[in-house]
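Asks: Go by the hints and put chain P onto chain C.
Protein chains in written order, with the numbering used here: chain C, 3 to 731; chain P, 3 to 731.
Be a bit skeptical, because a hint or two may be false.
Identical copies go unnamed one by one, so any copy, or any two together, can satisfy a pair.
[As the list claims (entries may be wrong)] Below, computed lysine-lysine pairings styled on DSBU-like, alpha-carbon distance capped at 30 angstroms:
(1) Lys725 <-> Lys347
(2) Lys679 <-> Lys705
(3) Lys705 <-> Lys54
(4) Lys718 <-> Lys62
Keep in mind that the hints were calculated from the coordinates and are not lab data. The structure presented is a predicted model; accordingly, all values stated were derived computationally and were not measured.
There are 2 protein chains.
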Amino acid sequence: MYQSIDFKEYELSNKSEEIVPIESLNYLSTNYESLDYEVIENELYRKEEQKKGYRYVVQKDFSRWMTFFWIGVIVAFIGIIIFISIEIGTNFKFNMIKKYFDNCTKKDCMVKPYLVALILNLIPSFIGSCLIVYVEPMAKGSGIPAVKCFLNGIKVPKLIRLKTLIVKVIGVITVALGGLWGGKEGPMIHAGAIVAAGISQGKSTTFNKDLGALNFFREDHEKRDFVSGGAAAGIAAAFGAPVGGLLFSLEEGASFWNQALTWRIFFGSMISMFTLHSVLSAYHGHPGDLTYKGLLNFGKFDDLSYHIFDIPIFVLMGIVGGLTGALFCHLNIQLFKFRKRYVNKDWKKVLEVLIVCSTTVTISFLLILFTSDCKKLGLDPINHPIQLLEGTVQSLFHDTPDVFNTTTIVYFGIFAYFITLWTYGVHFSGGVLIPGLCTGAAWGRLVGQTIFHFFPNTNIGIYSLIGAASQLGGITRMTISLTIILVEATGSITFGLPLMICLMTAKWVGDFFSESIYDTQIDLSGMPLLAWDPPPLSSSIYANNLMTHPVITFKTKESVENIVKTLKKYSHNGFPVVEYVQNNELDEGKTLCYLRGLILRSQLIVLLDNKVFDGPLTNYWDSVTMETFREDYPRYSSIEDIQLLQNDLKLIIDLSRFMNPSPYIVQHTMSLPRIFKLFRAMGLRHIVVVNDSNEVAGIVTRKDLARYKVIRHMGKISVTELKFSNKME
Amino acid sequence: MYQSIDFKEYELSNKSEEIVPIESLNYLSTNYESLDYEVIENELYRKEEQKKGYRYVVQKDFSRWMTFFWIGVIVAFIGIIIFISIEIGTNFKFNMIKKYFDNCTKKDCMVKPYLVALILNLIPSFIGSCLIVYVEPMAKGSGIPAVKCFLNGIKVPKLIRLKTLIVKVIGVITVALGGLWGGKEGPMIHAGAIVAAGISQGKSTTFNKDLGALNFFREDHEKRDFVSGGAAAGIAAAFGAPVGGLLFSLEEGASFWNQALTWRIFFGSMISMFTLHSVLSAYHGHPGDLTYKGLLNFGKFDDLSYHIFDIPIFVLMGIVGGLTGALFCHLNIQLFKFRKRYVNKDWKKVLEVLIVCSTTVTISFLLILFTSDCKKLGLDPINHPIQLLEGTVQSLFHDTPDVFNTTTIVYFGIFAYFITLWTYGVHFSGGVLIPGLCTGAAWGRLVGQTIFHFFPNTNIGIYSLIGAASQLGGITRMTISLTIILVEATGSITFGLPLMICLMTAKWVGDFFSESIYDTQIDLSGMPLLAWDPPPLSSSIYANNLMTHPVITFKTKESVENIVKTLKKYSHNGFPVVEYVQNNELDEGKTLCYLRGLILRSQLIVLLDNKVFDGPLTNYWDSVTMETFREDYPRYSSIEDIQLLQNDLKLIIDLSRFMNPSPYIVQHTMSLPRIFKLFRAMGLRHIVVVNDSNEVAGIVTRKDLARYKVIRHMGKISVTELKFSNKME
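The shape of chain C in the complex, shown without the other chains (with noise of 0.2 angstroms):
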């Protein structure tokens, strides 16, 4: 009976992995693993819910609750202590900066206050380079695509863990006081997700803590749901939109719609903006008042009235943006490969970020320099001390018609757009959101200026507005979350329409020539990101065609050495639990290999790990419990780490108590669309497939429904197969 398994060479078939630059396009990494939102009901399982019963139930529901709600207490200060940092060091900052301008006033003693300036702009976008290069890598940037690839079910390593969120929220506070282009809205996200994560759990890897509580929620999906919530009171906390980060997520994040986790994500995201609004509005000495808006605020505006001849208006400024945001994405690849091949060394990203920075601070001295209102484009240094990019988009939304003139709006407009295009890539954790949006409120007031010249009734505010939304649409691709994150910034539920109808045509047009920036990101990294819908036109694929086969199987009762012979030689995290049922009478006494269930890498680790052998002297059934495979989540040991005796390797697993004994399985006949709806609505990680008489004939993961990739081009689409390489950033 117990006899050895029958090694079939695992062969990559038609999926070669390539050796290929990081910059290439069109390559599926196989390097990132998958989550597995599926629950497996095994005998253990069962064995607990009958013991915990309703009470049970209820109990992990109110855990739910209580988790939500302290994540968005614990998302919102954290955007309190951005945000109170960020106040103290520019107030810090410019009173220095104001001795010096007002030390001398003649104009050729512009140096000292310039050269001033330069150093304390430096100091901080060094060290916050510096932590994100030689520190944590993960927290470059927004962060924005990474949780959107691990909403998806992508496995991205380090993205949750404590140490990049310090990283992430020092490397915040220095981009704001470095003066660089980024904004903190993105990095909220990122802040709150990993925020969520580590609550939930109730431990810490980076301080290798185990609270021992909330240990029913260290399953995927469990994790994945308050990573939900967490990045939408990221969202809440940062632009004062609990409804916005509500759709953010669900944007990003949902496959199948649950009411009451929902119902949680809104209420964490109140929370958040409710403890934020409070805790800042006592900061700044208004106890009980709840009217301080989120981290970013747009100001009121009084009157967002429009006429139907706007209408194409917007529908032009739109195209603009698209434009514009799909030029962005085409150069920032351009810009990624070079920087691939120069800036290849840690110091070079560092020093990179310095010339940003020099950059930055030079131009924007110039400005103030030569045009004489660049003052009021707030890079004066007295009105908006505390949010230099904030302040810039405010007044341009705001100001009176004669505050500015066209000349220094085109500068500050070209200026605005590439210094953004720069910036963002470089190694600092900051996001485009309020850059985008800033140079969008440029162009757009230059438009609402020219139409103001010949009917002086407009309000030019709108029309900054429109550019703002269109400007960052063209660029993200964002759509119904950023219009109502805009609606709810704006207070105006009746301006939501012009803003959708941007916002839709920039996402249109941008489409027609690129990616979106983060889309641009996820396919540079080649993470196998599963999109909304399976490809047009392809249910002439079928299983057969995606399947990955042989299979590495094992049996009901399985010896231990062959588990870790197998364990070793291949890095599949599941394999199909089989029966083989030798029917002699069958033609040529054909083995049938019958599907009993499908086991995971990471049970198998358990239960060598603790030694879980049917032996003539074990009775470990009381032992096991679900407990014992929830305490290794989610890291579990490497199988060369097990240590086992010689003795071990002769006894017998019955793998038929821990194996999910009912996977989802597909016949190898269905096709791509149908697999790919249920893979994707299920949040699987594994589906196997059987031929016409229930035999195992193969497994389909991610990756092989993935690689084909829609292509829309030119108002084209097509489908192309990616190819696998073994590329990681």
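Replies: Same frame as chain C, but now just chain P:
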């Protein structure tokens, strides 16, 4: 080869159908069919896909957007028709009454105006109730429960017919003119759903017209998507709340979240709101002004600030709302039972409406007579001639503290609660949303005035608003969508947290005692609604226990005679297609029955209707296309109506060309939660259960899953197995 089918007798196994009175709870009706959201990827489908190519994909996508645009516009125009009709009618009515009032000033001659008012209210009430009772009973009430069931996947007969729409629209107008306590907001949701279904299908059963356009949308899943959009557009028009509309659709309808669909629903809602605002502004003499708010207008809250110490008060108010809401639902069931017993004839139903109407008018007059300030309670015809209930809500929200004395509000509150209760459920076309808000606003204002008595700085309006939300939340248990509808209607994001807190409390408290009013109605109707999540602790219920078996199957090549006989004998809607592999070498010459696909009753009917038979003289392969099947959607002939020649019966149909070749299958060991999730996420109608050797073992349908009902009562959770009955209203 073409042997006769093996007619295994279909046994109802443990599912005895009882004949039970309609008011019995805990029975599932077997009279409702399910919708089927699966795409049948048979040979015809692939042929069409390959023929039409990517251009077809783009074209279909464009048509979707255009359809959503028109849904938005037409839903808005229905709102406009309702609004303007009510405005004209009410103006006429109140001018008449005013004339009689003005003509006699002494108190004792109130009789004449009273009688005039009574008659002017009774006439429209009579017309409205006759329409519902004699013309189209499906147009009764708000329609929200039925739309919810449709979106859940239940085929509700006559729900989305043009006739129902016309009766509904006229009904809503008569309700408002008859002074009945019913809102027009719920009906707008139903109207939106009908409009969406009608436009997207390009045909009308009522008029027997087929435009032949948009026939690629003639599938259940496409129709459902449009209906979601229509319901959302209805809310957007009714409340000026496009985001709330979107979230309502998702809360009630969605299972698999789809980004593109969400975006289109939002687009349709925006268009609907925008159209309604533009046209109504123009109608009121302000063309181009887009500040006009939806059908419902809460008025502008100047100040919605609140303090920390208000939160416990809001929670207490939420508790009151939950308690009174639960009582409301409980009494509603009693009333329902009473009506089924005593109001069982058509004329009695009309009579009840007339009695309700007379009572409403009489008490309103008495309130005016005996309390000095009741004119302010919206019963004043001069200030709020158009929207009686809405006007009352506005007064309760905004009027200064001195306007109402406490006694008046107490009387009014009691009146409001009971008249709402009585009116909801009579045969008229109005919803509970506004009456619920009005009742809550009354006792909320009472709370506010009490607090004002001690703290004269109190803003009474916010308590009134919280009371309104709590009451409605307690009755409907709507959570996230109601929060956002109220946030949008009041225009204050900051006040979202208090609203959420009181709605959440109201829901929790209400759920402690009863189900929501909508779910109560669904229970009473016996519709097999599937919840969001599978019942807890049910992982030891297996497919084996759930499925219906033995199954009626067809062979891949089946004789016409057998098909006709089977369809006449059994009412099933899906039949597994199998192949019998007679392997004499196996034990006892066992025949294995391998699954090859699934064929629907509707497909078989179309095949029989079009005589798609394999015979010596037929070559149908080119003439049968997807269009053949779409033409008859969604109402197919009955098997009894199909006329076949004796010769036809001897022919064969090759089912393998038309069947769904790879239906989703589950193993007989799969647990209820896993089957439930698959069923819900993929919108299935049938799941085929296979045994270990891939033989067809049974079929699981909606009713098999819906019968496990979770009862949450008094803080305890339990799972009840519902019985089957034949009840249907």
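Asks: None of the hints should be skipped; say for each whether it holds.
Replies: Now the hints, each set against the structure:
1. Lys725 <-> Lys347: within (28 angstroms within a copy, 71 angstroms between copies)
2. Lys679 <-> Lys705: Both. Shortest intra-copy (15 angstroms) and inter-copy (24 angstroms) distances satisfy the 30 angstroms Cα cut-off.
3. Lys705 <-> Lys54: Only across copies: Lys705 and Lys54 sit 29 angstroms apart there, 38 angstroms inside one copy, limit 30 angstroms.
4. Lys718 <-> Lys62: Answer is between; shortest inter-copy Cα gap is 14 angstroms, intra-copy 49 angstroms.
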